[in-house]
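Novice: Same order as they appear, the protein sequences are chains Z and X. Note that our numbering has the first sequence beginning at 48, numbered continuously upward. Note that our numbering has the second sequence beginning at 45, numbered continuously upward.
Mixed in with the good hints, there may be bad ones.
To give a feel for the contact side, a few chain Z residues facing chain X, derived at Cβ under 7 Å [stated by the list, open to error]:
{"id": "1", "residue": "Met-155"}
{"id": "2", "residue": "Ile-158"}
{"id": "3", "residue": "Thr-163"}
{"id": "4", "residue": "Ser-209"}
{"id": "5", "residue": "Leu-263"}
{"id": "6", "residue": "Thr-317"}
No farther apart than 27 Å at their CA atoms in a straight line, the calculated lysine-lysine pairs in the DSS-like style are these [said to hold, decoys possible]:
{"id": "7", "chain 1": "X", "residue 1": "Lys-239", "chain 2": "X", "residue 2": "Lys-215"}
{"id": "8", "chain 1": "X", "residue 1": "Lys-231", "chain 2": "Z", "residue 2": "Lys-80"}
{"id": "9", "chain 1": "X", "residue 1": "Lys-170", "chain 2": "X", "residue 2": "Lys-144"}
{"id": "10", "chain 1": "X", "residue 1": "Lys-118", "chain 2": "X", "residue 2": "Lys-143"}
{"id": "11", "chain 1": "Z", "residue 1": "Lys-80", "chain 2": "X", "residue 2": "Lys-232"}
{"id": "12", "chain 1": "X", "residue 1": "Lys-118", "chain 2": "X", "residue 2": "Lys-239"}
Quick look at which bits of chain X chain Z covers, simulated, 3 or more residues with Cβ under 8 Å [said to hold, decoys possible]:
{"id": "13", "segment": "75-88"}
{"id": "14", "segment": "101-110"}
{"id": "15", "segment": "156-164"}
Simulated from the structure, these hints should not be mistaken for laboratory data. C-beta: ideal position from N, C-alpha, C; glycine also.
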Amino acid sequence: MLFTTIAQLVDLAETNKKKISDIMLEQELAANKSDQDALLYRMATHLKIMQQAVERGLTENLKSRSGLAGGEARLLATYNQKNTALAGNLITTALTMAIATTEVNACMGAIVAAPTAGACGVIPGCIFAVGDHLESTEEDLIAALFTAGAIGLVIANNASISGAEGGCQAEIGSAAGMAAAAVTQLSGGSPRQCADAVAIALKSMLGLVCDPVAGLVEVPCIKRNATATATAITSADMALAGLESIIPCDEVIEAMNRIGCSMPVALRETSMGGLATTKTGKQIAERVFGKPSPESDCASCSH
Amino acid sequence: MIGPSSSHTAGAAKIGLMARNIFNAQPEKVEIILYGSFAKTYQGHGTDLAIIGGLLGYQADDRRIVDAINTSAKLGIDIAIATSAEETSHPNTAKIIMKKDEHIFEMVGISPGGGKAEMVAVNGFKVTTAADSNFLLIFHNDRSGVIATVAGLLASHDINIGHMEVARKSKGSDALMLIQVDQPIPKKIALALEKLPHIQNVVIFNEVIFNK
Chain Z
48 MLFTTIAQLV
58 DLAETNKKKI
68 SDIMLEQELA
78 ANKSDQDALL
88 YRMATHLKIM
98 QQAVERGLTE
108 NLKSRSGLAG
118 GEARLLATYN
128 QKNTALAGNL
138 ITTALTMAIA
148 TTEVNACMGA
158 IVAAPTAGAC
168 GVIPGCIFAV
178 GDHLESTEED
188 LIAALFTAGA
198 IGLVIANNAS
208 ISGAEGGCQA
218 EIGSAAGMAA
228 AAVTQLSGGS
238 PRQCADAVAI
248 ALKSMLGLVC
258 DPVAGLVEVP
268 CIKRNATATA
278 TAITSADMAL
288 AGLESIIPCD
298 EVIEAMNRIG
308 CSMPVALRET
318 SMGGLATTKT
328 GKQIAERVFG
338 KPSPESDCAS
348 CSH
Chain X
45 MIGPSSSHTA
55 GAAKIGLMAR
65 NIFNAQPEKV
75 EIILYGSFAK
85 TYQGHGTDLA
95 IIGGLLGYQA
105 DDRRIVDAIN
115 TSAKLGIDIA
125 IATSAEETSH
135 PNTAKIIMKK
145 DEHIFEMVGI
155 SPGGGKAEMV
165 AVNGFKVTTA
175 ADSNFLLIFH
185 NDRSGVIATV
195 AGLLASHDIN
205 IGHMEVARKS
215 KGSDALMLIQ
225 VDQPIPKKIA
235 LALEKLPHIQ
245 NVVIFNEVIF
255 NK
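Kindly generate the complete structure, drawing on both the sequences and the hints.
Specialist: Pasting the structure below:
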């Protein structure tokens with residue numbers, strides 16, 4: 048491994064006057080015993096699958112098996128055309144694309160896990176919205192995906208990217224951190240600014256629980272993917288403006304790991320707590336599977 | 045990959061495919077036991093469809109996973125799915141018991157996230173290996189010298205051992221070697237190994253090149 052921490056990654060990039068994506072490409076070349084063209088081709092394929100998923104979500108009349116997911120990306124797209132969105136066109140485009148991707152996922156369509164399927168909307172939402180705005184080339188977008196991958200690799204090795212282990216902070220939280228680095232690089236930010244953007248985004252997602260209604264990757268996952276794009280892009284803006292994370296990125300990741308370890312099982316992808324055991328959450332579980340959600344939440348409380 | 049979950053769908057499909065490749069045949073009867081988060085949320089994530097898809101030989105990005113239950117029924121595979129409240133070391137754990145004629149195989153797999161899969165036990169032996177590796181499972185009698193003979197045979201074929209685990213039921217009884225190697229393992233190696241004394245059965249697992 049060329050790097051196991053974000054600090055090492057930034058050092059390597061700065062010392063060699065390279066981008067984080069270049070260091071990640073070197074790491075992958077060493078790990079996969081592959082050649083550069085093959086790796087770039089594979090990443091281009093991932094980018095294409097991301098584009099196709101967004102396209103499907105925006106053009107097809109999707110409905111998931113549960114009936115809960117589908118059609119909301121199109122609602123957002125129509126709203127965004129009026130140019131009245133409070134968050135502005137760029138963020139609203141990111142929300143739209145994130146929802147389009149996660150709706151395709153909920154319908155068992157083809158997506159790219161980034162880092163997981165449940166968090167698959169954040170990175171495409173961010174890089175396509177920012178890429179459109181900056182008129183980035185395909186090459187830039189592919190590099191941005193390598194940068195996102197480098198961040199995901201460090202998080203996976205030092206904390207977790209699994210909701211069952213670390214809660215939603217490990218999935219959509221990690222995706223927000225990865226996306227923040229990707230768009231910081233797209234916008235011309237330095238490796239150090241990428242790391243600050245990751246830290247700021249992760250700090251905003253710490254403690255987020257994984258509480259899917261009826262065990263489906265639909266509620267709250269789909270809209271959480273969307274709001275996480277806004278967190279990622281605004282974190283990137285702060286880093287690009289020169290704001291630094293007081294807690295270094297690696298320590299934020301370490302905190303994320305400790306928080307995940309102390310999170311109760313009910314809030315780690317078991318649908319035994321949080322939104323899954325709300326009145327409506329339980330009704331949905333019963334309607335979809337004809338059985339109530341697994342028993343409640345909180346052994347220590349009386350309700 | 046095919047959604048909705050990398051750990052509960054894609055990783056689950058890889059556990060199924062790993063089991064299928066280790067069993068090296070289409071089973072007649074399959075029992076799938078889900079634990080932890082798999083047990084609680086498998087219907088929502090299509091974990092059952094994914095594991096069965098894997099058992100049919102599908103990869104994690106195969107769109108046929110959606111129809112895996114119907115397809116397995118058409119092929120006449122008897123599949124039972126159960127959940128267990130038993131504690132496991134990883135929240136995403138599945139046990140798969142496959143039967144065909146007299147042949148029975150039991151594998152426990154976990155899905156640690158991001159679409160990865162690992163085997164953590166086989167036929168009651170606790171040995172761990174990832175789906176993206178080449179390995180040999182050598183079931184043998186627990187006798188002195190067996191490990192050295194096997195290592196010698198691999199060395200004579202220029203096969204480098206990267207990682208190795210041994211386990212046994214009790215002193216002098218059934219034992220297992222799990223040997224990870226760097227390159228794909230040719231079938232003739234298994235045939236040569238099976239001819240060695242005290243070797244019961246040899247399984248070759250060559251890394252499945254997962255696309256996504």
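Novice: Each hint needs a verdict: does it hold in this structure or not?
Specialist: Against the structure, the hints:
1. Met-155: Holds, because the Cβ-Cβ distance from Met-155/Z to chain X comes to roughly 5 Å (cut-off 7 Å).
2. Ile-158: Since chain X brings a Cβ to about 5 Å from Ile-158/Z, closer than 7 Å, the hint holds.
3. Thr-163: holds (4 Å)
4. Ser-209: holds (3 Å)
5. Leu-263: Holds, about 4 Å.
6. Thr-317: holds (4 Å)
7. Lys-239/X with Lys-215/X: Measuring from Cα to Cα gives roughly 23 Å; hence the hint holds.
8. Lys-231/X with Lys-80/Z: holds (24 Å)
9. Lys-170/X with Lys-144/X: holds (23 Å)
10. Lys-118/X with Lys-143/X: At roughly 18 Å apart (the allowed maximum being 27 Å), Lys-143/X and Lys-118/X satisfy the hint.
11. Lys-80/Z with Lys-232/X: Holds: Lys-80/Z and Lys-232/X sit about 26 Å apart, inside 27 Å.
12. Lys-118/X with Lys-239/X: violated (38 Å)
13. 75-88: holds (count 7)
14. 101-110: holds (count 4)
15. 156-164: This one holds; 4 residues, not fewer than the three required, reach chain Z with a Cβ under 8 Å.
Consistency note: the structure conflicts with earlier hint 12 alone.
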